[in-house]
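Whole structure, please, built from the sequences with the hints as guidance.
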Amino acid sequence: EAVECYTKELVYSEENPKTLNNRAYCFAKLARYKEAVGDYTKALTIDPRNVHALHNRGICYERLALFRNAIEDFTLVIRINPQNANAFFNRGCCYDSIGELDLAIADYSTALEIDSKSGQTKGVPPPARGTGDFKKSAKLSLIHI
380 EAVECYTKEL VYSEENPKTL NNRAYCFAKL ARYKEAVGDY TKALTIDPRN VHALHNRGIC
440 YERLALFRNA IEDFTLVIRI NPQNANAFFN RGCCYDSIGE LDLAIADYST ALEIDSKSGQ
500 TKGVPPPARG TGDFKKSAKL SLIHI
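Take the position in the sequence shown, starting the count at 1, then add 379; the result is the number in this note's numbering.
Warning: the hint list may mix true and false statements.
Stated by the list, open to error - Cross-link-like lysine-lysine pairs, in silico, DSS-like; alpha carbons within 27 Å at most:
1. K421 / K408
2. K413 / K397
3. K408 / K397
4. K421 / K397
Said to hold, decoys possible - Ranges between beta-carbon positions, derived for each pair:
5. Q462 / T420: 36 to 46 Å
6. P427 / Q462: 35 to 45 Å
7. G478 / E394: 31 to 41 Å
Quick caveat, the hints were computed from the structure, so don't treat them as lab data. Keep in mind it's a predicted model, so treat the numbers as computed, not measured. Note that the Cβ used here is the ideal one computed from N, Cα and C, for glycine as well.
Structural data, given as structure tokens:
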């Protein structure tokens, strides 16, 4: 129902990045990741530094197993906000998925270091806080969309 409302709103303001971002969020919650990526991409053409759209598109790419695309988005988020523990954590999950274990460990470590100072990843389940199963924790913490 929310998707329909945002779609109707886009008829009148098709280049509204907030509406595109909100509809993309709804698509992602419905596991319609390709559609979410489309809307996040449109929102980013209007506002390329929209950290929420970049981060959330990265999550959608990860769900579609497009790990390199996700890594690119999380890297851009980190360039914009180097203290974003969630971006480091999610990028680490993607590196883990493609077998780049050293890079994954580095990102997990950075996320934990940032989090120990800021508490950003309070919602991330305990295994991701330094005791083991990062991939399981990533699946449980789909966020922050």
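Hint by hint, here is what the structure shows:
In summary, the hint linking K421 to K408 is supported, as the alpha carbons are separated by about 18 Å, within the 27 Å threshold. Taking the CA atoms of K413 and K397, the gap is near 18 Å; set against the 27 Å cutoff, the hint holds. Proximity of K408 to K397 is assessed by CA-CA distance (about 17 Å); at most 27 Å being required, the pair is judged to hold. Between the alpha carbons of K421 and K397 the distance comes to roughly 11 Å, so the proposed pair stays at or under 27 Å and holds.
Between Q462 and T420 the C-beta distance comes to about 25 Å, which lies outside the given range of 36 to 46 Å. A beta carbon spacing of about 20 Å between P427 and Q462 contradicts the range 35 to 45 Å that was offered as a hint. The hinted window of 31 to 41 Å between G478 and E394 holds, with their beta carbons roughly 40 Å apart.
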